[in-house]
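Enquirer: One-letter residues, chain by chain:
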Amino acid sequence: MDKRYIIPATVLVILGAIILFLPPKDNTKTELTADQLYLDIIESTRFISTDEIADMIIKRDPSIQLIDVRSAEEYAKYALPGALNIPLNEILDDKWEAYLDQEARTNVFYSNGSLRADQAWILCRRRGFVNNTIMVGGLNSWVEDILKPQKPADTEGEQEWEIYSFRVAASQYFLGGNQVQTSDVPTAAPVVKRKKKMVQGGC
Amino acid sequence: MNAKKRLAIGSVLFGVILIAAVALTRDRDYTFQVSDKETLGAITDKSNFISEAEMRDIVLNNTDNYILVDVRNPHEYTKDHIKGSVNMPARNLLSEESLEFFGNTDKTCIIYCAGAVNTNQVWMTLYQLGYKDIRAFIPGHTYIKEKILNNNRDNLLLDGEKPRYDYAKEATPKEGSATVVKNEPKRQPIVKRKKKMVEGGC
Numbered sequence: 001m002d003k004r005y006i007i008p009a010t011v012l013v014i015l016g017a018i019i020l021f022l023p024p025k026d027n028t029k030t031e032l033t034a035d036q037l038y039l040d041i042i043e044s045t046r047f048i049s050t051d052e053i054a055d056m057i058i059k060r061d062p063s064i065q066l067i068d069v070r071s072a073e074e075y076a077k078y079a080l081p082g083a084l085n086i087p088l089n090e091i092l093d094d095k096w097e098a099y100l101d102q103e104a105r106t107n108v109f110y111s112n113g114s115l116r117a118d119q120a121w122i123l124c125r126r127r128g129f130v131n132n133t134i135m136v137g138g139l140n141s142w143v144e145d146i147l148k149p150q151k152p153a154d155t156e157g158e159q160e161w162e163i164y165s166f167r168v169a170a171s172q173y174f175l176g177g178n179q180v181q182t183s184d185v186p187t188a189a190p191v192v193k194r195k196k197k198m199v200q201g202g203c
Numbered sequence: 001m002n003a004k005k006r007l008a009i010g011s012v013l014f015g016v017i018l019i020a021a022v023a024l025t026r027d028r029d030y031t032f033q034v035s036d037k038e039t040l041g042a043i044t045d046k047s048n049f050i051s052e053a054e055m056r057d058i059v060l061n062n063t064d065n066y067i068l069v070d071v072r073n074p075h076e077y078t079k080d081h082i083k084g085s086v087n088m089p090a091r092n093l094l095s096e097e098s099l100e101f102f103g104n105t106d107k108t109c110i111i112y113c114a115g116a117v118n119t120n121q122v123w124m125t126l127y128q129l130g131y132k133d134i135r136a137f138i139p140g141h142t143y144i145k146e147k148i149l150n151n152n153r154d155n156l157l158l159d160g161e162k163p164r165y166d167y168a169k170e171a172t173p174k175e176g177s178a179t180v181v182k183n184e185p186k187r188q189p190i191v192k193r194k195k196k197m198v199e200g201g202c
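Chains as they are written, first to last, in our numbering: chain A, 1 to 203; chain B, 1 to 202.
If you are wondering where the hints come from, they were derived from the structure by calculation, not from laboratory data. Errors might be hidden in some of the hints.
Computed from the model, here is a short list of chain A residues facing chain B with C-beta under 10 Å [said to hold, decoys possible]:
#, residue
1, Arg70
2, Asn112
3, Ser114
No residue lacks a Cβ here, since even glycine has one placed at the ideal position from N, Cα and C.
Given the sequences, and given the hints that come with them, work out the whole structure.
Expert: Okay, here's the thing in structure tokens:
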């Protein structure tokens, strides 16, 4: 054997041995590490405006699923049409996993503000779940933007006025719709029916 | 002989560089130290958060046991910050320098950003990484500035979780103020709604 090849061959064999004993990359674990999660946290793409949500509800967009992360009591008093109640303290429970870890729809988390919804989102994202978003500002913004839209100043641009006219139309849609619920049937009734539909869709 | 020597030196150098590269690019371990279930419990545990009364006391009476950590960006910090606070920008949160700071302070850190959501993001990230002696002031810098220091009595639109309205009441149409034009579209959804319910039930 040619002696010239002994040294490089030895080096390569040693390197091979090192590579052999490196820790294996674990692909089965879906949980993110802090740096991966934090990259997603500082991105603001998960936030959806109340206007976009209102538009999607009015158009009956089947690709979104509203998820109310407030307590069951708050949910029973008032919830957005078609919303499913997953209280924040149950967000990690196995029974909700099929709703939170899926690729068919975009979930929209909401609470009274943005805080609880964002906490729910962070916990879900850490587990590797995708397709979850947040309604920015929560129900407080929902009331201010959609149900009680404020007229923009006369000096505002055309865009502001377009948003305003959409909001006025949206508020008429939602206030009219809710009147039916409060006068004829208890608020919870239509929601229960919705839930059934969800289960069927999931199968 | 000369060629052999060069080859040997080359191989050794190659090996050294490769090993050095592997060692240097080894990332810091960012694995979470606290389970998600424990984190969920911590979110609702009030002891992790500074109340408004406590914050008032700390800012006004300068309690020595705490260190105020402003995590807004350096530009905002330079423009205006609470006296005695240090700046650890949220965007460099996971940098060596910043993590060393949070790991080595002997005082309790009180972190706050501009508002609730950003403050919570930083706090939750640090908590899950296992930094325990850190508390958050959720309302954020604007609240300290306006409510505590400037004694502003206006209703600030802070993004808190407190409901600002009775939602069920806001969602019912107002009587009287509705015009004839407004009444018309109100009836239409009644028909639409009923149809929807039938669809949903099928």
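Enquirer: Of the hints stated earlier, which fail here?
Expert: The structure breaks none of the hints.
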